[in-house]
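Using the sequences and the hints given, assemble the complete structure.
Read off the chains here:
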Amino acid sequence: MNTKIKQIHKKLKVKSTTDNLSRIRDFIHQTAMECKLPKEKIGDIILAVDEACTNVIKHAYKYSPEGEIDIDIKCKNNRFYVIITDKGEKFDITLIPEPDLEKYHKEKRVGGLGIFLMRKLMDEVKYSHLSGNRNRVTLIKYL
Amino acid sequence: MTEFNVQTRTEGSVQILYVKGYLDAHTAPELEDAFNKLIDDKKYKVVVNLKDLNYISSAGLGVFMAYIETMRENGGDIKFSNLKKEVFNIFDLLGFPMLYEFYDDEKEAINKFNEQ
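Residue numbers (numbering that gives the first Met the number 0), protein chains in the order written: chain A, 0 to 142; chain B, 0 to 115.
Calculated from the structure, these hints are not laboratory results. None of the hints are false.
One-sided excerpt, in silico: chain B residues whose CB lies under 10 Å from chain A: (1) 2; (2) 21; (3) 24; (4) 25; (5) 26; (6) 55; (7) 56; (8) 57; (9) 64; (10) 85; (11) 88; (12) 92; (13) 93; (14) 95; (15) 98.
Chain B residues, not near chain A, derived (Cβ > 10 Å throughout): (16) 6; (17) 9; (18) 10; (19) 32; (20) 35; (21) 39; (22) 104.
None of these values were measured; they are calculated from a predicted model. C-beta: ideal position from N, C-alpha, C; glycine also.
This is the structure we're talking about:
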């Protein structure tokens, strides 16, 4: 076990607006630094969380600014967990198939690449539908 | 506030876009505006200089994908230059080098248009 990794649990609650994405990224950056994660892993996690929250704003809340996004970070047992919870429409990202990128560009499709990035950048991406009509996406990076 | 801006410079028939700061779902509309203006002005040869771009998410990448066809159909293109390694890695993960040209320096990208 890597003894340099510090155990931590932090929370952030923001409204579902795109101007909060920079605040979310700063929160991830700061917490990951406190956990003493290596720089390139921090970059991967920041982008994956940005993509997950952008999906919540776009698909779960359909750009309504009144929704809430809860972000929980846990750093323990050599894992960095980011748990993102919303109360918007059900949107199971794990059901979205992985695109064939060459075909994707040729067919001039736009959008849908965020989930692909999340899967590439994180070691685990999970979705669960909770009571009270909540969606939860859990992103895990192995340390 | 997300730090972001787009500036445009003309060199002959080529437009150079300088995209600075953080390009995400919040700032991507500003880049769309810049591309819409180029199309209104019928300027289709574009070099996107990303020397001061610190961050890009798929919302930003989607802007280039949305405009590339219009540029190419009108005899132009979108070519990229001066990317930081971390930013290039994201373009690379999403397969952009298969269909877009990347140059180390803005001059090379401009010359490529002038050779055509």
